[in-house]
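From first to last, the protein sequence lines stand for chains Z and U.
For the first sequence, this note's numbering begins at 1 and goes up steadily by one.
For the second sequence, this note's numbering begins at 259 and goes up steadily by one.
Please note that the accuracy of each hint is not assured.
[As the list claims (entries may be wrong)] Some chain U residues near chain Z, calculated using beta-carbon distances under 7 Å: (1) TRP472; (2) MET487; (3) GLY488.
Honestly, the hints are just simulated from the structure, not real lab data.
All C-beta atoms in this analysis are idealised placements derived from N, C-alpha and C, irrespective of residue type, glycine included.
Each chain, letter by letter, is given below.
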Amino acid sequence: MSELHGEVKYDRIRVERLSFAYDTHLVLDAINFTVHEGEVLAVLGPNGVGKSTLFHCLLGFNNKRFKGEISICGESVRKTSPATLAKRVAFVPQSHSPTFNYTVRDMVLMGTTAQIGGLGAPRAAELKLAEDAMTRAGVLHLAERGYTHISGGERQLTLVARAMAQQAKILIMDEPTANLDFGNQIRVMRRIRELTREGYAVVLSTHNPEHALRFADRVLAINRGTIVAIGAPSEVITDALICELYSLSATEIAEYRQ
Amino acid sequence: MRIGKRVPVALCLGVLLCLAFIVSIVLGRFPIAVADIGKLLLGRTSEVTPQMAAIFYNVRLPRILLACMVGCCLATAGASYQGVFRNPMAAPDILGASSGAATGAAIAILLELPAQMVMLFAFVFSIGTIAVVMLVSRAARGERLLGIILAGIMVSSLANAVTSFVKLVADPNSILPEITYWMMGSLAKTTPQSVMLAAIPMAIGLIPLFALRWHINLLTLPENEARTMGVNVGAVRLVVIVSSTLITAASVSVSGLIGWVGLVVPHLLRMLVGNNYRKLMPVTMLGGALFLLIVDDISRNLLLTEIPIGILTSVVGAPFFLWLITQKREAG
Numbered sequence: 001m002s003e004l005h006g007e008v009k010y011d012r013i014r015v016e017r018l019s020f021a022y023d024t025h026l027v028l029d030a031i032n033f034t035v036h037e038g039e040v041l042a043v044l045g046p047n048g049v050g051k052s053t054l055f056h057c058l059l060g061f062n063n064k065r066f067k068g069e070i071s072i073c074g075e076s077v078r079k080t081s082p083a084t085l086a087k088r089v090a091f092v093p094q095s096h097s098p099t100f101n102y103t104v105r106d107m108v109l110m111g112t113t114a115q116i117g118g119l120g121a122p123r124a125a126e127l128k129l130a131e132d133a134m135t136r137a138g139v140l141h142l143a144e145r146g147y148t149h150i151s152g153g154e155r156q157l158t159l160v161a162r163a164m165a166q167q168a169k170i171l172i173m174d175e176p177t178a179n180l181d182f183g184n185q186i187r188v189m190r191r192i193r194e195l196t197r198e199g200y201a202v203v204l205s206t207h208n209p210e211h212a213l214r215f216a217d218r219v220l221a222i223n224r225g226t227i228v229a230i231g232a233p234s235e236v237i238t239d240a241l242i243c244e245l246y247s248l249s250a251t252e253i254a255e256y257r258q
Numbered sequence: 259m260r261i262g263k264r265v266p267v268a269l270c271l272g273v274l275l276c277l278a279f280i281v282s283i284v285l286g287r288f289p290i291a292v293a294d295i296g297k298l299l300l301g302r303t304s305e306v307t308p309q310m311a312a313i314f315y316n317v318r319l320p321r322i323l324l325a326c327m328v329g330c331c332l333a334t335a336g337a338s339y340q341g342v343f344r345n346p347m348a349a350p351d352i353l354g355a356s357s358g359a360a361t362g363a364a365i366a367i368l369l370e371l372p373a374q375m376v377m378l379f380a381f382v383f384s385i386g387t388i389a390v391v392m393l394v395s396r397a398a399r400g401e402r403l404l405g406i407i408l409a410g411i412m413v414s415s416l417a418n419a420v421t422s423f424v425k426l427v428a429d430p431n432s433i434l435p436e437i438t439y440w441m442m443g444s445l446a447k448t449t450p451q452s453v454m455l456a457a458i459p460m461a462i463g464l465i466p467l468f469a470l471r472w473h474i475n476l477l478t479l480p481e482n483e484a485r486t487m488g489v490n491v492g493a494v495r496l497v498v499i500v501s502s503t504l505i506t507a508a509s510v511s512v513s514g515l516i517g518w519v520g521l522v523v524p525h526l527l528r529m530l531v532g533n534n535y536r537k538l539m540p541v542t543m544l545g546g547a548l549f550l551l552i553v554d555d556i557s558r559n560l561l562l563t564e565i566p567i568g569i570l571t572s573v574v575g576a577p578f579f580l581w582l583i584t585q586k587r588e589a590g
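This is chain U alone, in the form it adopts within the complex (with noise of 0.2 Å):
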């Protein structure tokens, strides 16, 4: 048997995202006490240091929101990608959404464009990406989706090679680092400018997966099944993919690579609450969220310098994941 229901599940989630965002707000190098958090929140800023108020608005608490969308969605979006791949290993690296972005913002940060210009460099660059992946996969006979994955491999591979030929060109002493640091994944930079940015796309590409979970369900069907049910295959497909796509390179555009959450995030919660996205898809939302905020107070306050939260990712992944496809399968 299951262990939760959807309730239960969600609700636990719930709460401890909004404990995990209490602790973050107190966590950091600059004290902010317990009892100044609901007069920041409320906006009584005049109650407050103006130091308190600059760091609580302009570093900490967008980070803590951006920590919480990108988890958010990473993980929405490689539930997605499981579901309409009909493939449990399936994650927002697949398609090359994550190795397009970062050669754009390679390019952009090579061509030393402002923040803004990287963000939008990388998201172009990823949508531009999963367009070829979609066309050489048209064009591929045999297996559509397996033409899709394979190409989604492909095309990477093509990304990373321009991202290193960059990384060559580039200047070793200052823009070197920068494109190296941003490509281990790292929500620092976070800026309120970049919230913002990053939150329109995200909320177009995650109210559509939103709406659409139970009909993700049937993608998981053999197509002809779910077209005698009555269900547009093709279309949900394409919005699913596209979304799915726009959330992974929004969150790629502003913390960089960081690998992993969209494999485990789901995985786990797969065993808590069953495959039915209908519940799968709400705890994923929030499970997502609140892994990469717990994460990302690691990596910020772990040691004295900051520690890129991609590699934090991928030391908490991959153990996981191993201990995760060694367990028994659930009993029915």
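Isolated chain Z, as found in the complex (with noise of 0.2 Å):
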């Protein structure tokens, strides 16, 4: 986890022994796993299991509530300032409609609000890291257009090419794919997967298992707060996995290939 490993791959992400209460209520429970730069990891499971809770321990939201340790580019998130997250670790909403409406590239240039640091607005830098941002994610045609009036597809562009602009180089994506039509969900997908290339590391959620086989690298399935499967998606996602997490009969899945 440090010069001294070399060639090891990095970890990106280290959480252990996670659990999350809300009153009585446990939502995350011991939860283990790591993300090496370079990763996609999926996280799949039902609505509220807990998936959005485990994304804002990650971002550092829940600092004084969760038990357990959570180490970001090797640093506890507990002892990393919110200004100093924000360089490491990038979070991708799902695609929204603000209530002001900003051209694409104001909307870009918020995500290097980091960089600035204190007081002050984006100068050349941090408009030429907006542009390089917006040219990656295949969104500069739309620089001046008003965030509000393009496509679901392009507003899901615009965030990654956010974060993108916040130098960070882990992702957090909340179902990046949510509300897209089937070309736009194939073009996010792709996007993402060329991230990982350039050495993000992307922990996204989904509801489609199909997404997970084709482009992440692993999968992590969980289920009222536990880890049900970790590994492979094509070791992870199999039919009783899918029965398990949907409450689906084999004879619904049966049906369904058909």
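Two chains, each in its own frame: build the complex with the hints.
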């Protein structure tokens, strides 16, 4: 986990014995996993099993409430300031429509805020970062368009660009393909795949096991706060797992396949 | 496409403001020639009549400056509240800052206190109202931002009730008209002292709002999102709310209730420069000053008797806003 290890893959995220409870209701129960650089980890699981809570813990929102340990780039999230954490982890929310219509360029520029630090506004260096990020995410041609006036897929790619402009090498993505049409789902997933070649570590949640199979390096299946399975997609994603996660019967899956 | 980028719009507003400033000096019952303006501004009082110098320094210049300052503050507070509450309809009145200030001033007028004390009362009550609103909203369950707005409406209503009671017990021959006139909003009683007194809290509030203008953009996003971008959302939000309230209270305490500026000016400028506060904030400051200066010129020159400026901003603001919200949305 340091230069000493030379060629060894760097652990971007290390989660140990992570537990989280709302009052007495245990949402996450002693979870362990790691995420390396250049890897996509897909988190699978039905609604309300603690995926969002897990993400919030990784993003440092629940520092005072979770038990166990989360290290981001080798440093405990509890000891990392929000500004430093922002330089290491970027969050890509589901595409939404904000109150005010910003241009795509302004939206992406907001990602550079952690670089500015303290007061002040983005300058030439930050504008360059935003420009690069838009180019890499393929939204440069939309730069002057209003964010609320572009398609869902374009918005999602804008948010990816914003995360890239943030210069963090870990991306946490909340259902990046939700509410997208088929073409945009593929485009967004391909773009995410390309990012890992640049050394990004990506943790994303998805409701589509097929996306996990095609685009993820590893799958983390959680149900009722515990890890049901973790490993290579082709090994983890079995009919039995899908039945368990989504409360389906074997017959229902078989019928779906026909 | 937007009509202009920052520099042209800001430059245009700056030039217009300078022009309006000169014209405002000339306008008025006591004539001041354009040729004398230079002498007056440079302080060469020996070259003009003593009467002209007295009018200029004690009446006209303070009033022009105060109109600009109040306009700037109300517009800036409106734009800031809109961002921090993620609500394009937010205005300096929503937190009860204006109502609280009105109550304080009414009490001070009732007690026949001097002008400085009226200002102080307005200010203290305004800040007090905000403190109550923040405390109530903290205790309230549910969505916090909505809680603040609801608490603001409730506390405003309470403050208005107190003001009404003050008016009820006030002497209908002397005190009541004074309170009523003050409530309509007016810059007629401006003195050099009131300009100086208001300038300090206004500067204290405007400087952080200008410095944080980029960060206000991030406050318009969902809170969690802004946090992941390294912004200390709680601290920035608090500074923005307190600063906006400070400049609102300072404005209301010297000029009474002047509505609509905080809503109309930022909205018009959003159409011109977009929603990025980095561009919006400077033009809002200039635009607010220009708007209120022009309205105040109308207020003191249109009729033989002065029209309270609060009435005029409503007459101008309400139809303008109606037009604004029925416009087609800008194309992206």
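Structure-inconsistent hints, enumerated in ascending order: none
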